[in-house]
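Novice: Could you put the whole structure together from the sequences, leaning on the hints where they help?
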Amino acid sequence: MSQDRAWAATRKGLFELRRRGGSWQVENISFLAEPVSMLLPPDASGRMLAALNLGHFGTKLHASDDAGKTWREVAAPSYPPQPEGAEGPEWKLLQIWSLERAGDTVWAGTIPGGLFASRDGGETWQINEPLWNEPKRLGWFGGGNDAPAMHSICPDPRNPAELLLGISCGGAWRTTDGGQTWGLRAKGMRAEFMPPEQAGEENVQDPHLIARCRDVPDVLWCQHHNGIFRSADNGASWTELTAKPSSFGFAVAAHPGNGDTAWFVPAVKDERRIPVDGALCVTRTRDGGKTFEALRTGLPQQHCYDLIFRHGLAVDDSGEQLVMGSTTGGLWASTDAGDSWQTVSAHLPPIYAVKFG
Amino acid sequence: MARIEFTPQLRRFVDTPVVDTAAAVLREGLDAAFEFNPKLRGYILDDQGHLRHNVVIFIDGRRARDLRGLTDPLGPDSRVHVLQALSGG
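Protein chains in written order, with the working numbering: chain U, -2 to 354; chain B, 5 to 93.
Just so you know, the hints here were simulated from the structure itself, not pulled from any lab data.
Yeah, the Cβ is synthetic: ideal placement off N, Cα and C, and Gly gets one too.
Certain hints may be false.
No more than 20 Å apart at the CA atoms, straight line, and that leaves these computed lysine to any residue pairs for SDA-like [unchecked claim]:
(1) B:43 / U:69
(2) B:43 / U:70
(3) U:352 / U:334
(4) B:43 / U:287
(5) U:184 / U:173
(6) U:66 / B:16
(7) B:43 / U:75
(8) B:43 / U:68
(9) B:43 / U:266
(10) U:9 / B:18
(11) U:9 / B:17
(12) U:352 / U:52
(13) U:352 / U:88
(14) B:43 / U:52
(15) B:43 / U:77
(16) U:66 / U:26
(17) B:43 / U:60
(18) B:43 / U:28
(19) U:9 / B:13
(20) B:43 / U:71
(21) U:266 / U:304
(22) B:43 / U:31
(23) B:43 / U:120
(24) B:43 / U:78
(25) B:43 / U:184
(26) U:66 / U:39
(27) U:9 / B:88
(28) U:9 / B:16
To give an idea of the interface, some chain U residues facing chain B are shown, with a C-beta separation under 7 Å as derived from the structure [claimed, not checked]:
(29) 55
(30) 67
(31) 79
(32) 89
Specialist: Written out as structure tokens, the structure reads:
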């Protein structure tokens, strides 16, 4: 069903967007002037979460029980005491970078790479010790951040105890037992930033974002540092795809009902992070990645240097509506699966994440 | 009694007390403030109980030195200011 509410988490607040009379508009702003790194949209009861990244005073978490009208601070995930001499990054929360529901659990992915679970809607959190204590975690490293960053949490709608995670740079990991045991799930990904003999090492891959098809859950899409990858076997193996004008980017949105359709937003390449030719486009495949179309109608095609961060593209439950937010505060919406786009605003704060719900 | 005051910048997030304390070291003095408002702790200290990187504390006009252990001594008339550092954020 088509959704008429969306959210933009930005460097200067959380913006609630409503579609009225066919166009999207800003309806409400929470946390104005504060950086909001991620949100969990409201459930049927109106319960939602917003993660703040206060520069001086740390990462904070706020909860709302009325779909964002009022908020109160709740406990943010906190790392346990770090044992003397423990290797790896400091056990300190730097950012909440992903929030997802699966069954009665809310999961939070963080920088420096810890996964946290809440069984009470986000009031209290426990670190997932099996993954944090996994020896391979010490092989993870930062990609775009100084410390490893867990940006993708993909629940499996068939089994609330199953999750697939994406980590920069720590590959993809899966649990099928609610987080008691974990295994790598990044075979087929390719890391050009490693010495050639380690390019296929699963534990150092840099997936920029991983998205699952809701109705065909074995299908996963990955916008990776070194290209686009798709899995049709729930992450057991990944196949590289090629898109034009570029396979480099950060964001991906998976069609909820069709395992062959997904959207990406290309940039030139790693060392030149701008739209190709200064013209913004979205690429879409509708045949499982064999071919891609570049969709440009309504998007700026001259002197555009907007970059779409990894959480900056979202598709709604119908698969027809998309919203896309940029590093320079551009916000666009489509009601025809990306064929055409309308500018919602050209001057919001830098947009970190967009979500329907 | 040593007096501890917090930057007014914090007031948009949490209540900040002015605390008069007989504590002889900084951590004990801060703990007295956190007792008044437990939520304040997470704004000043990180997960490991260290001073946040972008928070700075002055004791009688001098920057606190032990940013992890917070063992800097407090005198009976010390004035402690907890401020946001200009280094970050």
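Novice: Where does the structure disagree with the numbered hints, that is, which hint numbers, in rising order?
Specialist: 4, 9, 12, 13, 25 and 30
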